[in-house]
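*Asks:* Spelled out from the first residue to the last, the chains are:
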Amino acid sequence: MAKHILLIDDEADIREVAGMSLEAVGGWRVSSATCGEEGIAMAVAEKPDAILCDVMMPGIDGPATFKRLQGNPQTREIPVILLTARVQRADRLRFAQLGVAGVLPKPFDPMALSDQVDALLAPQPAGASEKL
Amino acid sequence: MSSVPAAVQAVLDQHRGALEQRAATVEEAVAALAATDLDENLRARAERDAHKLAGSLGMFGLPQGSELAAELERSLAVAGGPDPAELPRLAELVLDLQTQLLGLLEHAAVDEPPDGQASSAASPAVLFVSPDPELSDRLMVVATGRNILFRSAVTCAGATRLAAEQLPDAVILDVAFAEPGTESLDFLEQLSSREPAVPVLVLTASEALVDRVEVARRGGGAFMQRTQSATDVIEALNDLLDRAAPTDFKVLAVDDDPAILEAISALLGPSGLDVSTCAEPYGFWEALTTTTPDLLLLDLDMPGLNGIDLCRAVRADGHFGQLPIMFLTSYSDSERVREIFAAGADDYVGKPIVGQELLTRVRNRFERVRAQRELTEKDHLTGTASRRRSGGTLEALLAHADGRGQPVALALLDLDDFRRFNDLHGDATGDAALRGLGELAADTFRGEDVVGRWGDDEFVIGAFGMTSDDGVQRVAEMLESFREQRHTSPDGRPARISFSAGVAEYPRDGSDLRTLFRSADQALSRSKKQGGDHVLPVNPDTGSEADRPDVVVVDDDDVLAGVLVDSLKTRGYRTQRFEDGQQAADALSGPSPQISPALILLDVDLPGLDGLAVLRRLARDGVLKRTRVIMLTAHSGEAEVIEALELGACDHVSKPFSVPILIQRIRRSLKR
Chain D
1 MAKHILLIDD
11 EADIREVAGM
21 SLEAVGGWRV
31 SSATCGEEGI
41 AMAVAEKPDA
51 ILCDVMMPGI
61 DGPATFKRLQ
71 GNPQTREIPV
81 ILLTARVQRA
91 DRLRFAQLGV
101 AGVLPKPFDP
111 MALSDQVDAL
121 LAPQPAGASE
131 KL
Chain S
133 MSSVPAAVQA
143 VLDQHRGALE
153 QRAATVEEAV
163 AALAATDLDE
173 NLRARAERDA
183 HKLAGSLGMF
193 GLPQGSELAA
203 ELERSLAVAG
213 GPDPAELPRL
223 AELVLDLQTQ
233 LLGLLEHAAV
243 DEPPDGQASS
253 AASPAVLFVS
263 PDPELSDRLM
273 VVATGRNILF
283 RSAVTCAGAT
293 RLAAEQLPDA
303 VILDVAFAEP
313 GTESLDFLEQ
323 LSSREPAVPV
333 LVLTASEALV
343 DRVEVARRGG
353 GAFMQRTQSA
363 TDVIEALNDL
373 LDRAAPTDFK
383 VLAVDDDPAI
393 LEAISALLGP
403 SGLDVSTCAE
413 PYGFWEALTT
423 TTPDLLLLDL
433 DMPGLNGIDL
443 CRAVRADGHF
453 GQLPIMFLTS
463 YSDSERVREI
473 FAAGADDYVG
483 KPIVGQELLT
493 RVRNRFERVR
503 AQRELTEKDH
513 LTGTASRRRS
523 GGTLEALLAH
533 ADGRGQPVAL
543 ALLDLDDFRR
553 FNDLHGDATG
563 DAALRGLGEL
573 AADTFRGEDV
583 VGRWGDDEFV
593 IGAFGMTSDD
603 GVQRVAEMLE
613 SFREQRHTSP
623 DGRPARISFS
633 AGVAEYPRDG
643 SDLRTLFRSA
653 DQALSRSKKQ
663 GGDHVLPVNP
673 DTGSEADRPD
683 VVVVDDDDVL
693 AGVLVDSLKT
703 RGYRTQRFED
713 GQQAADALSG
723 PSPQISPALI
733 LLDVDLPGLD
743 GLAVLRRLAR
753 DGVLKRTRVI
763 MLTAHSGEAE
773 VIEALELGAC
783 DHVSKPFSVP
793 ILIQRIRRSL
803 KR
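Chains D and S supply the protein sequences, listed in that same order. Residue 67 in this note's numbering is what sits at position 67 of the first sequence, and the numbering runs on without skipping anything. Just add 132 to wherever you are in the second sequence, counting from 1, and you've got this note's numbering.
Accuracy of the hints is not assured; some may be wrong.
What the hints assert, rightly or not - The calculated label-pair distances, taken between Cβ atoms and stated as ranges, are:
1) E37/D / P216/S: 35 to 41 Å
2) A12/D / D433/S: 30 to 36 Å
3) D49/D / Q796/S: 41 to 47 Å
4) P265/S / R68/D: 45 to 51 Å
5) M111/D / V273/S: 46 to 52 Å
What the hints assert, rightly or not - Over 10 Å on every C-beta distance to chain D, these chain S residues come out as not near it, computed from the model:
6) Q146
7) D171
8) N173
9) G187
10) S188
11) S198
12) E205
13) A217
14) L225
15) G290
16) E471
17) P639
18) P725
19) R758
20) G769
Since the hints were made in silico from the structure, they are not lab data. All residues carry an ideal CB built from backbone N, CA and C; glycine is no exception.
Taking the hints into account, I'd like the entire structure generated from these sequences.
*Replies:* Below is the structure:
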């Protein structure tokens, strides 16, 4: 069965392009949510293999969504990748301390996104440092 | 799998309103700042929208737009609004952003072809048609690794449906299992009739007698043997795609307005034109000499040096003087137009630029340039490549074959007794014969093949992916057509002429063009010595078995035997014929036969001794160990055929048969 990824982003165009890119290029099964709350509910219900989540969203933002997912035993193990247009060094460090699986910059290249996601989700060699 | 770039384009179309709205909010905030009227609510909305633009424009292929938006976002993020001192910079950023966005959205609207095939420069879509799922899988793996969108169909009907859904950038057609049927040919024709035509790579089995002329006529772009590795096939495909795009055509656009330059790049770039830009008229000459363009696009009004000045300077230059020049102008009054043409311009396009018009006009110029180039490189009389040109092309063909591990058949053709023909019928008739041969050769060998006039009455042909054996076959068929061409001397007498040819195979008969030529020339000389009017391959064991016939025809039907012997001789086979079974058996069997051919074509119904009886004698005396026999049967029953095969005949062909098919069977039998 195809790997399943949950996309959380409030912007419809990003959801569509990212979804299509992950499906067509990466072979993922994709479901999507338009905000953090909906994303958390879907993560509990669907148990995806990974979550790709926008940072800046109305309501609860990406980092807050991630913290809620971490606090729930049912979703704690799901790797989360944050998607953000603001990848300043300070932000990277802040996100790294959260313990996400990775941070991908926006805008992304639709042809490359799925490879980038795959790379972040690949098992880390023993002793490797934080993937950021 | 659908084409991602096409789908991204579709998303862009769907969300263009949202993008425009976001840019408008940012613009509104900067305007409000200028009027010292920026409230917190608008600032926050503008920051958020700038953020969204920064996050999405690059995804739609506009990374500069993303950068501009990110810079605006940073300025707008300051609590209480940006410092009014930053206003000029912000206003400029907003303007740039709007221009970029406009270019992107216009581009999407202009460039989307009606059939929904969006600009696919990023990853070409390829359609593979083959009944062989295993080959399809192997190609798919390599193609996907090269970022090629790969779809496959088992039949041409399926492929037609897939092509209707999304037009592929190229097609690989596998005709390995049979001669291409009408279905494949119709499919080919359908692809080649499109504008622009879809290039097709045809995969053939090494032994398949594919009618290359027919396939090429219907639009097959290149041939390849399917025994090549998947990687080789995909490489060849990439070459084909490269050739389909006119990337060798360079345009230099000069305009002081960067937005116009970007619009020009955006409009012409996707069509495969190589666009360079120059925004500074004083830097023009340097741009011209470094880019050496094939076409100049000049803005009429520029500060300092205007387009007219630049145009005059180019026309006065010895090296660049002939360069095609087009003007971009917002004035089209007759005085300005006169001035433009007086300065030496070839054409002009009005501003604002209409994408399709600019593209069409540039394409027209491009076609003219290409036609002119071909003219100087063609032999005027025969329309084939000149010696200078074909030499270079042949070198390139060998290099190309080297990279693909493919053979090249090199044929040298020479008209028989051309001087006598000219003396008898006049030079004009001789010219007509040369033209006829040039046209025939260009018709027979197409696509990647090279046809050139090498000397007075000598032609050279290089056929990519063709063995010497296949080459002899094709050239022999050409010879058969050429003999049929009727010319008339000035005094009304009919005039006919034939040619001789030698065929060499690269790299087998020569590892470079020079040695390959020498081999082909030796074969040509042998053909001439044997009386001409036939085609010979390079023979490694020259002369050692010169008296031994290759093929003996035993048939009492004079017409049929005559046609067979002629066809075989044209293809360079030494032949001998017997009418009578008894005579044939005496000559071919016994403890030490008089003649020992490689192959016997043996009719069943013969006077003297019938075919089966002859075959029994041949089997008894062990002749069948070194000689193959093909039985020609007319009304024979199954029992006779089975007996013939049991006795050791390697094949049987029932009458009436087509000569080309029999020739094909003969070639196959001799190869085994």
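*Asks:* For each hint, tell me whether it holds in the structure or not.
*Replies:* Tested hints:
1. Between E37/D and P216/S the beta carbon distance is about 40 Å. The supplied range of 35 to 41 Å therefore holds.
2. At about 43 Å, the beta-carbon gap between A12/D and D433/S misses the expected band of 30 to 36 Å.
3. Checked against the hint of 41 to 47 Å, the pair D49/D and Q796/S fails, with Cβ atoms roughly 57 Å apart.
4. Between P265/S and R68/D the beta carbon distance is about 48 Å. The supplied range of 45 to 51 Å therefore holds.
5. Take M111/D and V273/S: their Cβ atoms lie about 18 Å apart, and the range 46 to 52 Å is violated.
6. A beta-carbon of chain D comes within 10 Å of the beta-carbon of Q146/S; the shortest separation is about 8 Å.
7. The beta carbon of D171/S sits about 19 Å from the closest Cβ of chain D, which is more than 10 Å, so the claim that it is off the interface holds.
8. Annotated as non-interface, N173/S keeps its C-beta farther than 10 Å from every C-beta of chain D; the closest such distance is 14 Å.
9. With a least CB separation of 4 Å from chain D, G187/S falls inside the 10 Å interface cut-off, contrary to its annotation.
10. The non-interface label for S188/S is inconsistent with chain D: the shortest C-beta to C-beta separation is roughly 6 Å, within 10 Å.
11. Chain D draws S198/S into its interface by the beta-carbon criterion, the shortest separation being 5 Å against a cut-off of 10 Å.
12. Residue placement check: E205/S does not keep its beta carbon more than 10 Å from all beta carbons of chain D (closest about 8 Å).
13. Under the 10 Å C-beta cut-off, the non-interface status given to A217/S relative to chain D holds; the minimum distance is some 24 Å.
14. Distance to chain D confirms L225/S as a non-interface residue, since its nearest Cβ pair spans about 16 Å, more than 10 Å.
15. With a cut of 10 Å on Cβ distances, G290/S stays outside the contact zone with chain D, its closest approach being about 21 Å.
16. Its beta-carbon lying about 45 Å from the closest one in chain D, E471/S satisfies the requirement of being farther than 10 Å from that chain.
17. Annotated as non-interface, P639/S keeps its C-beta farther than 10 Å from every C-beta of chain D; the closest such distance is 39 Å.
18. With a cut of 10 Å on Cβ distances, P725/S stays outside the contact zone with chain D, its closest approach being about 68 Å.
19. With a least CB separation of 59 Å from chain D, R758/S remains clear of the 10 Å interface cut-off, as annotated.
20. Remark: the non-interface label on G769/S is consistent with the geometry, its nearest Cβ contact in chain D lying 60 Å away (cut-off 10 Å).
Of the hints listed earlier, those the structure fails to meet are numbers 2, 3, 5, 6, 9, 10, 11, 12, in rising order.
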